[in-house]
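A.B. asks: In case you want the letters, here they are:
There are 2 protein chains.
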Amino acid sequence: MKQKNNHHYEEKTLSTEPIFSGRVISLQVDQVQLPNGKTSTRELVKHPGAVSVIAFTKEEKIILVEQYRKPLERALVEIPAGKLEPGEEPLETAKRELEEETGYSASEWESLTSFYTSPGFADELVHVFVAKNLEKLPTELTTDEDEFVDVKEWTLSEAQAAVRDGRIQDAKTAYAVLYWELLQKKG
Amino acid sequence: MKQKNNHHYEEKTLSTEPIFSGRVISLQVDQVQLPNGKTSTRELVKHPGAVSVIAFTKEEKIILVEQYRKPLERALVEIPAGKLEPGEEPLETAKRELEEETGYSASEWESLTSFYTSPGFADELVHVFVAKNLEKLPTELTTDEDEFVDVKEWTLSEAQAAVRDGRIQDAKTAYAVLYWELLQKKG
Numbered sequence: 045m046k047q048k049n050n051h052h053y054e055e056k057t058l059s060t061e062p063i064f065s066g067r068v069i070s071l072q073v074d075q076v077q078l079p080n081g082k083t084s085t086r087e088l089v090k091h092p093g094a095v096s097v098i099a100f101t102k103e104e105k106i107i108l109v110e111q112y113r114k115p116l117e118r119a120l121v122e123i124p125a126g127k128l129e130p131g132e133e134p135l136e137t138a139k140r141e142l143e144e145e146t147g148y149s150a151s152e153w154e155s156l157t158s159f160y161t162s163p164g165f166a167d168e169l170v171h172v173f174v175a176k177n178l179e180k181l182p183t184e185l186t187t188d189e190d191e192f193v194d195v196k197e198w199t200l201s202e203a204q205a206a207v208r209d210g211r212i213q214d215a216k217t218a219y220a221v222l223y224w225e226l227l228q229k230k231g
Numbered sequence: 045m046k047q048k049n050n051h052h053y054e055e056k057t058l059s060t061e062p063i064f065s066g067r068v069i070s071l072q073v074d075q076v077q078l079p080n081g082k083t084s085t086r087e088l089v090k091h092p093g094a095v096s097v098i099a100f101t102k103e104e105k106i107i108l109v110e111q112y113r114k115p116l117e118r119a120l121v122e123i124p125a126g127k128l129e130p131g132e133e134p135l136e137t138a139k140r141e142l143e144e145e146t147g148y149s150a151s152e153w154e155s156l157t158s159f160y161t162s163p164g165f166a167d168e169l170v171h172v173f174v175a176k177n178l179e180k181l182p183t184e185l186t187t188d189e190d191e192f193v194d195v196k197e198w199t200l201s202e203a204q205a206a207v208r209d210g211r212i213q214d215a216k217t218a219y220a221v222l223y224w225e226l227l228q229k230k231g
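Top to bottom, those sequences are chains S and H.
Everything in the first sequence is counted per the numbering used here, starting at 45 for the first residue and increasing by one.
Everything in the second sequence is counted per the numbering used here, starting at 45 for the first residue and increasing by one.
I should point out that these hints are in silico values taken from the structure, not numbers from a laboratory.
Among the hints, erroneous ones may be present.
In this list, chains with the same sequence are indistinguishable; a pair is considered to hold if it fits within one copy or across any two.
[Claimed, not checked] EDC-like, lysine to aspartate or glutamate: derived pairs with alpha carbons at most 20 Å apart:
#1 K127 - D167
#2 K82 - E191
#3 K90 - D167
#4 K90 - E197
#5 K176 - E152
#6 K56 - E103
#7 K105 - E189
#8 K105 - E152
#9 K196 - E54
#10 K82 - D188
#11 K102 - E152
#12 K90 - E117
#13 K90 - D74
#14 K90 - E133
#15 K127 - D190
#16 K176 - E197
#17 K139 - E197
#18 K127 - E202
#19 K102 - E202
#20 K56 - D190
#21 K180 - E143
#22 K102 - E61
#23 K180 - D74
In this text the structure is predicted, and so the values were computed from the model without any measurement.
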């Protein structure tokens, strides 16, 4: 699966129509040749990729941020996350986003996994890190100028309750809660 | 968090520019007023929502489908999934997609959770179901005419290896593997 272009179900690009290029995403529509020789169209959102951080405080709470998500017209509680900047290593982005969004710095980092969030229509890849041994920074938060977040620190049982009652309804954050549950079972 | 419009970080819509309306997604750019009174733009992808199914065979294997994902220009191994059709209940979609993509019917269904896949730019909500007590249908597969999939049945250890070596790199599928691991720990 590592090779990119020789899959037996490969869809060859016949033409590409650029639709939109924005601050965060771009959109194109490709005409493709299907494995059976017929043609179809694919609507493709391009995204620079992102990082997210499962961060545990010394009191063994998980750090969450609540922010308004315009696509949903509601606020969501999520683990800290952010877009990759051009040329930035994912771990650097993760360290920066944790500090900017939560005011915490971590001295222990582990790369956990990475996943595509919506492979049917988007190429967004999210890298997931675990951060431990957190220290509160003395400085003010310095989130992006269009970003407003409330920081929360929840126990596992609070996070589990939030998954059940819908306050946690974000894919990477639901993954983080399962990961944490599993970590507890392993002792 | 259930109310939609009264969050203290709400971003009021000043104007909406429709950019694209396709077969699967649509795209608009909203001018918004931020909580600090300044304005910004938000790029918003609208998606009808989807379902995915963690399905266990009688041999306690998980059912996966491999398909080419044009946004990534590679094939991905994922749990069975599909878009909601207008007016269709998520459980009905889940039953239909499992049958169409894998040739299995299940008599035991449980709604597990639902999550937003990419809330920063898209409104896609994925409902996750668990299916047990599977029966192989006698009929041929009837996938959509532009959909080509290979069905796989993996043990937990095969799925865990696939997460580690990158053959599983899809958010809902990584979630499914963690869920399954946790299920084993709970006995």
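A.B. asks: Is it within, between, both or neither when you check K102 against E202 at 20 Å Cα-Cα?
C.D. replies: within (17 Å within a copy, 35 Å between copies)
A.B. asks: Since the copies are identical, ignore which copy is meant and state whether K127 and D190 lie within 20 Å (CA to CA) inside a copy, between copies, both or neither.
C.D. replies: within (14 Å within a copy, 32 Å between copies)
A.B. asks: Reference check for the pair K82 and E191, CA-CA at most 20 Å: within, between, both, or neither?
C.D. replies: between (45 Å within a copy, 11 Å between copies)
A.B. asks: Reference check for the pair K90 and E117, CA-CA at most 20 Å: within, between, both, or neither?
C.D. replies: between (22 Å within a copy, 12 Å between copies)
A.B. asks: When Cα atoms must be at most 20 Å apart, do K180 and E143 count as within-copy, between-copy, both, or neither?
C.D. replies: within (9 Å within a copy, 51 Å between copies)
A.B. asks: For K82 and D188, with the copy left unspecified, which applies at a CA distance of at most 20 Å: within, between, both, or neither?
C.D. replies: So K82 and D188 pass the 20 Å test across copies only (13 Å; inside, 46 Å).
A.B. asks: For K127 and E202, with the copy left unspecified, which applies at a CA distance of at most 20 Å: within, between, both, or neither?
C.D. replies: Neither, since 27 Å and 31 Å both go past 20 Å.
A.B. asks: Is it within, between, both, or neither for K90 and E197, if the alpha carbons may be no more than 20 Å apart?
C.D. replies: neither (33 Å within a copy, 31 Å between copies)
A.B. asks: One pair to classify: K176 and E152, alpha carbons no more than 20 Å apart. Within, between, both, or neither?
C.D. replies: Intra 5 Å, inter 40 Å, cutoff 20 Å: intra-copy only.
A.B. asks: Under a CA distance limit of 20 Å, which applies to K90 and E133: within one copy, between copies, both, or neither?
C.D. replies: The answer is within: 19 Å in one copy meets 20 Å, while 30 Å across copies does not.
A.B. asks: Quick one: K180 to D74, C-alpha cut-off 20 Å, is that within a copy, between copies, both, or neither?
C.D. replies: The answer is neither: 47 Å in one copy and 36 Å across copies each exceed 20 Å.
A.B. asks: Have a look at K196 and E54 and pick one of within, between, both or neither, based on CA distance no larger than 20 Å.
C.D. replies: between (44 Å within a copy, 18 Å between copies)
In this structure, the earlier hints numbered 4, 6, 7, 18, 22 and 23 are contradicted, and the remaining ones agree with it.
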